[in-house]
Amino acid sequence: MRTLRRYLPQLTLLPSLILVAVTVYGFIALTVVLSLTRSKMLPRFDRWEGFSNYAKVWNHPRWEVAMENFAIFGVLYIGGTMLIGLMLAILIDQRVRAEGALRTIYLYPMALSFIVTGVAWQWIMAPDLGLERAFQIWGWESFRFDWIKQSDMAIYCVVIAGVWQASGFVMALFLAALRGINPEILSAARMDGASAPRIYWHVIIPALRPAFLTAIVVQGHLAIKSYDLVVALTRGGPGYSTELPSTFMYEFTFSRNEMALGASSAVMMLILVTVLIVPYLYSELRNDR
Amino acid sequence: MKLTSKMAFIACTTALATPTLADEVEVLHWWTSGGEAAAVSVLKDDLESKGTGWVDMAVAGGGGDAAMTTLRARVTAGDPPTAAQMLGMSVREWADEGFLGNLNEVAAAEGWDDVVPTAVQAFGKYDGNWVAAPVNMHRPHWIWGSAKIFEELNLELPATWDEFFAAADAMEAAGYVAVAQGGQAWQEATVWEAVVLGISPDLYKSAIIDADEDALRSAEIVESFEIMRRIRGYVDPNFAGRDWNLATAMVINGEAGMQIMGDWAKGEVINAGLTPGVEVLCGVSPGTQGAFLFNTDFFAMFDVGGDKAAAQQNMAASAMSVTFQEAFNLAKGSIPARTDVPGDKFDTCAQKSMADLAEATAAGTLFGSLAHGHGQPAAIQAAYLDVVTQHFNSDMSAEDAAAALADSVMAAK
Chain E
1 MRTLRRYLPQ LTLLPSLILV AVTVYGFIAL TVVLSLTRSK MLPRFDRWEG FSNYAKVWNH
61 PRWEVAMENF AIFGVLYIGG TMLIGLMLAI LIDQRVRAEG ALRTIYLYPM ALSFIVTGVA
121 WQWIMAPDLG LERAFQIWGW ESFRFDWIKQ SDMAIYCVVI AGVWQASGFV MALFLAALRG
181 INPEILSAAR MDGASAPRIY WHVIIPALRP AFLTAIVVQG HLAIKSYDLV VALTRGGPGY
241 STELPSTFMY EFTFSRNEMA LGASSAVMML ILVTVLIVPY LYSELRNDR
Chain Z
1001 MKLTSKMAFI ACTTALATPT LADEVEVLHW WTSGGEAAAV SVLKDDLESK GTGWVDMAVA
1061 GGGGDAAMTT LRARVTAGDP PTAAQMLGMS VREWADEGFL GNLNEVAAAE GWDDVVPTAV
1121 QAFGKYDGNW VAAPVNMHRP HWIWGSAKIF EELNLELPAT WDEFFAAADA MEAAGYVAVA
1181 QGGQAWQEAT VWEAVVLGIS PDLYKSAIID ADEDALRSAE IVESFEIMRR IRGYVDPNFA
1241 GRDWNLATAM VINGEAGMQI MGDWAKGEVI NAGLTPGVEV LCGVSPGTQG AFLFNTDFFA
1301 MFDVGGDKAA AQQNMAASAM SVTFQEAFNL AKGSIPARTD VPGDKFDTCA QKSMADLAEA
1361 TAAGTLFGSL AHGHGQPAAI QAAYLDVVTQ HFNSDMSAED AAAALADSVM AAK
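These protein sequences, in sequence, are chains E and Z. Following the numbering used here from start to finish, the first sequence increments by one per residue and tops out at 289. Following the numbering used here from start to finish, the second sequence increments by one per residue and tops out at 1413.
A portion of the hints provided could be inaccurate.
[What the hints assert, rightly or not] Footprint (simulated), chain Z over chain E, 3 or more residues, beta carbon under 8 Å: (1) 139 to 151; (2) 170 to 184; (3) 201 to 211; (4) 230 to 238; (5) 254 to 260.
Since the hints were derived computationally from the structure, they do not count as laboratory data. Note that the Cβ used here is the ideal one computed from N, Cα and C, for glycine as well.
Pulled out of the complex, with its shape left as it was, chain E reads as follows (with noise of 0.2 Å):
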């Protein structure tokens, strides 16, 4: 009796720990050796090919595309957020009216899927039917929105969807951080003297530090594994000028029978989230010791 109840937090952990290790760690190392063989059409562990599967990958221009999309709808969605967010809880802190509400309205485009995000802006954004025709209607008859079947500027409306349905939360982030700022040391910034851009940008935005890496680490996983809001608002046209990594890892591995190169792409989208996140989270978390 003594000795289960010694050991009960790990039999506890346990179950969790085994799937862990076998549903993430395990079919990490599955798609690593994967990448390495040769499977087309299914998984063959018997052909060996090697690391040029990575090659052929760099060297796809589909893959290129994914890249320089991924570079922008990165970079893009997760500072448009972050500006957005941050804009948004700020002038929700000035105690407004309604604050309630109006922070409810903000967060609730975070509880749809992004396949209905994506839906809804495909519609918006088409020019027959959505936001063009709507000004057209209106009188304006010169308007133009239809960025979204031109091949250069589509990766723009997966931006602009995204972007929208995300800013609410990392304001939703911001506003309890603000919230959480000690009252005391704004009064004694405020007795020095100090205006209040000065306040927000030398004492309150560096106390929302913590608040930044959240937001990083979320925003940048999702920038990285977005591929159902890219699915529902494009298809990753027009041709494949939206395509994604995470589009690319789909289409070789199921629809392509290139498996290998499919696993090989789906290695590379770890390695990019490995790239991005974990310098960040090392840096942040080693200040904070």
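Mind docking chain Z on chain E? Use the hints.
Using the frame of chain E, we list chain Z on its own:
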């Protein structure tokens, strides 16, 4: 609490593994829309009347992508279905992996070799053995025209690209969208392969079926991309991402003049309460009279245990029977894969298809369709589609497109 969780567990496991009995067939397919589902139930009823049960495994969506993903999971887990709907190249790829069974006995008994066109046999057989039963033949290079617009402007369905562009000019001048086009890679490739076939059947064979590098770099392929660029000029600006049936609806509603699309478009015409060949005109795409591209749905038969083989053979025999092929193809819009089915119940467009098929078989101009899984294996097919869609959706020059095509195909080979 314990009891409910146990029951939930049992419910889960039974849902996961539906063991097929010896006298049952489990069939994976993606025929879920109204007419198609009705067509499948013809086969199901026929089998049940002969005492063979039918376990339906319909996986909707994605033109079969979702079904193929499910199939992969089932086969990898060592539990393949009895039969699965497949396009020709998939049959070959699954046979390559060694998962398909052998239908030689039933094929010999029913005389499949004599009634199925050789080009279709090339996919149904692997290493000389029958592995899959073909149920239909679609033809992807039709041109559909709005009878209202053609009459109003006193035009006829174009037989050459010059006539096509002249008609398109007239339609644009009259305020119509000339070409209804959907914006997905396979739809753009459907048009491109029709253009290539229209330039010459020999070009189609060398550049697509044989994927010959010299042919891919030839002036004729450059010409095909020039024609694509001209067609693009007659497509309305909102085509990107549009589904094929919405493009067909533009023709049906008299908003657009023409669409190049396979004969499954007939289903939309019939659903709209119209008659193919009357309100919506049908003809072959410019320059392709005398040639025939096809894509066929097969029931690929997996190598299941000996006790299930009898039911499998029954199913193959039923799927290849004249009555099923007639009923199924009337509902599906395609023509039967066996050439001895009488054509009198079919509409004029299908009858034309049947006559053209005989002509093309004799002339040796019957080829598998690239855009629809009968030209090249998935990886190489995608290499073609990438370039065709990129060219159509950008301002890439025809010369660059031909060079990119050759590079892309050679890299995938």
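- Of the numbered hints stated previously, which ones are contradicted by the structure, given in increasing order? 2 and 3
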